[in-house]
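Residue numbers (my numbering), protein chains in the order written: chain W, 1 to 270; chain H, 271 to 424; chain Y, 425 to 684.
Keep in mind the hints are simulated off the structure, nothing from the lab. For clarity, every value in this text was computed on a predicted model and none was experimentally measured. Beta carbons are placed, not taken as given, at the ideal position from N, Cα and C, and that holds for glycine. Where hints are given, some of them may not hold.
If the Cβ cut is set under 10 Å, some of the chain W residues that face chain Y in the computed set are [unchecked claim]:
| id | residue |
| --- | --- |
| 1 | Gly53 |
| 2 | Gln55 |
| 3 | Met87 |
| 4 | Ser91 |
| 5 | Asp97 |
| 6 | Val110 |
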Amino acid sequence: MSDSPFVVIDGLHFSRGDKDIFRGVSLNIPRGKITAIMGPSGTGKTTLLKLIGGQLTPDAGRVEIDGQRVHALSRKVLFRLRRRMGMLFQSGALFSDLSVFENVAFPLRVHTDLPEAMVRDLVLMKLEAVGLRGARELMPSELSGGMTRRVALARALALDPELILYDEPFVGQDPISMGVLVQLIKRVNEALGLTAVVVSHDIKETLSIADYVYVIADGQVMAHGTPATLDVDQDPRVSQFVHGEADGPVPFHYPAPDFRHDMLGAGGSR
Amino acid sequence: MKRSKVMELGVGLFMLAGILGLVFLGLRVSGLTLGPSGDTFTLEANFSNIGGLKPRAKVTMAGVNVGRVSAIELDTDWYDARVVMELDGTLEDRLSRDTTAAILTSGLLGEQYIGLSVGGDPETLADGDSIRDTQSALVLEELIQQFVSNMVSD
Amino acid sequence: MIRHIAGLGRRGCELLEAMGRAGLFLAQSAVGVPSREGFYLWLRQMHFVGVLSLAIVMVSGLFIGMVLALQGYTILVDFGAEQALGQMVALSLLRELSPVVAALLFAGRAGSALTAEIGLMKATEQLSSMEMIGVDPLRRVVAPRLWAGFVALPLLTVGFSVVGIYGGYLVGVEWLGVFDGSYWGNMQSSVDFIGDVGNGMVKSLVFALVVTWIAVFQGYDLIPTSEGISRATTRTVVYSSLAVLGLDFVLTAVMFGGLS
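Extracted from the complex, chain W is given alone in its bound form (with noise of 0.2 Å):
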């Protein structure tokens, strides 16, 4: 039972107005462990999550969550299984209109019925797991980048979901919030023996916390395997990608025509 993968995903097709994101991805993401989903930008990873959520729907393929088939639920169930899942945004997505601590009770309101002290012993708990237990009168509008990321991971903890998924959490983070969500990502994990789903292009700070990687280019897995198979990866295109050189297989050129002609025609033909 532990053995076996907790987010299967299987053949999946998605594609959004004419433009095809995944032609055929499959990936298993184990149960307990950290997986890095690793990709440059704009090859679908946010849309990869969201897929594992169930708000957007595989032109063909399957995703199963301990093994139920996300896409084939009805509204009502699915919801439930979100219960089990929580998620952090690229921007942390709090709500506006609610203060530090009322987001993160903000689950625990809609989802249990416990006595507004629990709520609040809860709340306090899982704040000073991310070291803001300090900021809960605060609003969402009065916090920095990292300090609102952490506020999200303490909501997405609030319910002990089964399964986390991180939308870029390192993104924009200035060197020391971005070491504290590291820390903080991995003492999560070993604390609380959760599956977590790291979808990141910083290579240097996922590779340092994942167990596993898949890296995605042009729609499908270009490579898998623990952080250390893929640093000695011989595959080019791996091997730019991990080790950030600007020019490789993957050209730092959007496709374009033959510059000297593209700069020579301008005057004359058009």
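With chain W held as given, fit chains H and Y onto it using these hints.
Chains H and Y alone, transformed into the frame defined by chain W:
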């Protein structure tokens, strides 16, 4: 969820004001009366031509409003118009049998209404009775036509 | 040529699809079991769309009533019929001006704000995160706003009429010297509660539904960028105004067109 007493009070007052406004529109603007409005009796009158008389037009006596027209229909026995009026209940059995009903116009372009004037008969009209002596609306075109044909025949 | 016809067809399909989405959206959000929590959410929105719109609606109502009386008087006095001023003011307000003008003001004041608010919640992923927490944003965010708008606008319309009739009284009776007995008397004999006040309220209910529906749907359906929000806000005001004026014609034709 934070509950602000000021906000609750505001919404409460807002809704109360709305309901009071509706009551104002009912009583003051459309003249509904809260009293027993069922205290009326009906009379009928046949007119050969009602002109522009409409349902809900007022019925007056000596200029005082005493009721309103409740229905107008074509009487297929005589092919004239039967007008049903609802009158103030206090007038029941008080109007003489030879009361006359005339269709009058308020001002030159005003709306048309029915004016009642009492006669001298000791017998009175009861609920559902009909007024015999009626005077139709003045139709301007007919008057002009009459006037012109009189001139020609002279 | 053929391309243009195909383009037209595509626009038609898109329009139909959007209308289908909007209908489903309305059905999913308006139907729900009322709860204590839902009541407080509704109350909060009532405060936002109702109480805070009161000032602009009342002031506009007063001015429109005063202008009606002034304009009406100058025309009616030529026919010696200035006694009919009260009737004119009341009927134009109750049947036509209150529902329409209040709905237009409501679309500008509350509708655009609803669109922008929901749009911003979508842009900052608050709606998505609510979904991921397992709370349906249609129930939690959209439904209270929809119901608040539906209740608030008819109440605002009543207020508009009352203030407008009072404004007409101020100008007609206090200033221009129409006899106040005939102002109210003529009004009372000509205004029918069901036929005029009631039909005006029916209009207002229809407008309330349409304006709020357009506003929340535009907010929910927009493209979550700053440009998308500004466009959707504009669309809310434009579509609501057109819908109100168009529906007003249809409703007037049905209610008063066949009046004998």
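Consistency of the hints with the structure:
1. At its closest, the beta carbon of Gly53(W) sits 5 Å from a beta carbon of chain Y; the interface hint therefore holds under the 10 Å criterion.
2. The criterion of a C-beta within 10 Å of any C-beta in chain Y is met by Gln55(W), whose closest approach is roughly 6 Å, and the hint holds.
3. For Met87(W), the interface hint holds, since its Cβ comes within 10 Å of a Cβ in chain Y; the closest pair sits about 4 Å apart.
4. Checking Ser91(W) against chain Y by beta carbon gives a least distance of about 5 Å; that is within 10 Å, so the hint holds.
5. Residue-level restraint check for Asp97(W) holds (minimum Cβ-Cβ distance to chain Y is 9 Å; threshold 10 Å).
6. Hint on Val110(W) holds. Least Cβ distance to chain Y is approximately 5 Å, under the 10 Å limit.
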